[in-house]
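Participant: Here's the letter readout for the chains.
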Amino acid sequence: MNPAQSLRALLLFPGLLYALPMGWLMLGAERKLRARFQGRIGPPITQPFWDLIKLLAKSPVARVVSDRGLLAGLPLLAVASMLGALALLPVFAGENGFSGDLVLLVGLLELPPLCLILAGYASRSIYGELGATREAIVSIASNVPFLAALVAMATAAGSLHLSAIAVATPWPVRIPALAAILLCLPVKLRINPVSLANAEQEVLAGPLTEFDGRLLAFWELAHVLEWVALTGFVATILAPLRSSLGMVDAVVFAMLSLALVPLLTLLAAATARLKLAQATRLLWRWAGAAAAIALILSMGIRQGGH
Amino acid sequence: MNTPERGLLYKLVERARRRSAWLFHLNAGSCNGCDIELVTCLSPRYDVEQLGVRLEGSPRHADVLCVSGPITRNTRAALETVYAQLAEPKVVVAIGSCPASCNVFDGSPVIEGPLDTIVPVDIYVPGCPPRPHSIIEGIGRAIELLAEGRTVAGGVR
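As they're listed, the protein sequences go chains A and B.
For the first sequence, the residue numbers in this note's numbering are 1 to 306.
For the second sequence, the residue numbers in this note's numbering are 1 to 157.
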């Protein structure tokens, strides 16, 4: 991956220029569809865009906080890490990426939840701390199966290179691994039934209770990019076929990511919020089982191959 | 009214404020009647989310402060804190007769209302309780004031 390619991936596709409108479309579709599922008309599909502009134009209230720099830096770090994760997605065949980029991608995908937890504690609000604690507990419960599924895929493909994993993982491993990753997706996007961390009204606004104006806008931006990056990541490992035409790959990638939005929305609209114990049990049991199957099968394939 | 010529960015922000008003609801000693009617506005029958309105958990995220109840002695400090936590520009909507006039509680030693003696109020929605239609109209007018910058807190009477 040369510098020009990296810059293109970061700023154009699948980076900023693609991810921003796509993320607004995804969040707008999510709100609209959820309203339709509940028998309402719902907000216009452009709603997330207007929300962001409005938040950027608010003048923040001065408040005495422990660390102003930390509170301002965390949302920026979350946005930056999500852009980095987007740039690493193996959308095209061949040369993009580098060996070991799986490890970097996992690290970058994990940064925003970590930032959110830190922000919750750093804001010195009781609701922020409560939300951050919940976020920490569910992220541990979701990350073990998530990482195990990725390890299984990497083992079966015999590589830590994302494009190789996306293309070469055999289906017996890919299917249970995908099941585990899909079960972890609502946790990572903080939607129902695992919307414990930002449980609206229940713990006010969770870790973001004390954020306003521009900083809140950056958190919203990070969340928008999170949608694109996580659904995009699933889309890249869902379809192992890569054509020689970049355009076709890009369109298939965008369509597959978009197709996940109605499914996630249906799940969110059809379920109520789980309790902490129920959510962790669900993840450890079902996502854990799927990841364990993937891991065992990948070991078997590895042994058989030698 | 002649308004000065505004730039593109200003128009964009005004449009965003018109389409994305987030609500914070404060119960200042209300009997819960107005609270039920306010939450009804979000239900499928009235669906105020069509206006981009969202009920927010934190006052720091909100643009519109909806107050119900006659402001009891115990809730006055909370009201003042919450009002100060809303970021500018903000509007205040008094839901029901209680915040407007203290209603039947007028003269009680534990009532500190009406609301406009404590914080500036932009819109009054009368009724005991008001119907969801009236509340939506009140919120709609509040959004107009918010977008045009004609709020009482901003110095306009």
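Be a bit skeptical, because a hint or two may be false.
Stretches of chain A that chain B covers, calculated by requiring three or more beta carbons in the stretch to come under 8 Å of a beta carbon on chain B [to be verified]:
no., region
1, 32-42
2, 191-205
3, 236-246
Short derived list, chain A residues pointing at chain B, Cβ under 10 Å [said to hold, decoys possible]:
no., residue
4, K54
5, S59
6, S125
7, I126
8, G158
9, S159
10, L160
Quick list of simulated restraints, FRET-style, between CB atoms [unchecked claim]:
no., chain 1, residue 1, chain 2, residue 2, range
11, B, R131, A, M247, 51 to 59 Å
12, B, T117, A, E200, 26 to 34 Å
13, B, T117, A, L17, 29 to 37 Å
14, A, S59, B, K11, 16 to 24 Å
15, A, N2, B, R45, 55 to 63 Å
16, A, Q201, B, K11, 18 to 26 Å
17, A, I45, B, P126, 29 to 37 Å
18, B, C128, A, Q38, 27 to 35 Å
19, A, I41, B, K11, 22 to 30 Å
20, A, N2, B, K11, 40 to 48 Å
Hints were generated in silico from the structure; no laboratory data involved.
Every residue gets a Cβ at the ideal spot worked out from N, C-alpha and C, and that includes glycine.
Participant: Give a verdict on every hint.
Facilitator: Going through the hints against the structure:
no., hint, verdict
1, 32-42, "holds (count 6)"
2, 191-205, "holds (count 6)"
3, 236-246, "violated (count 0)"
4, K54, "holds (4 Å)"
5, S59, "holds (5 Å)"
6, S125, "holds (9 Å)"
7, I126, "violated (12 Å)"
8, G158, "violated (48 Å)"
9, S159, "violated (44 Å)"
10, L160, "violated (41 Å)"
11, R131/B - M247/A: 51 to 59 Å, "holds (55 Å)"
12, T117/B - E200/A: 26 to 34 Å, "holds (32 Å)"
13, T117/B - L17/A: 29 to 37 Å, "violated (53 Å)"
14, S59/A - K11/B: 16 to 24 Å, "holds (19 Å)"
15, N2/A - R45/B: 55 to 63 Å, "holds (58 Å)"
16, Q201/A - K11/B: 18 to 26 Å, "violated (34 Å)"
17, I45/A - P126/B: 29 to 37 Å, "holds (35 Å)"
18, C128/B - Q38/A: 27 to 35 Å, "holds (30 Å)"
19, I41/A - K11/B: 22 to 30 Å, "holds (26 Å)"
20, N2/A - K11/B: 40 to 48 Å, "holds (42 Å)"
In this structure, the earlier hints numbered 3, 7, 8, 9, 10, 13, 16 are contradicted, and the remaining ones agree with it.
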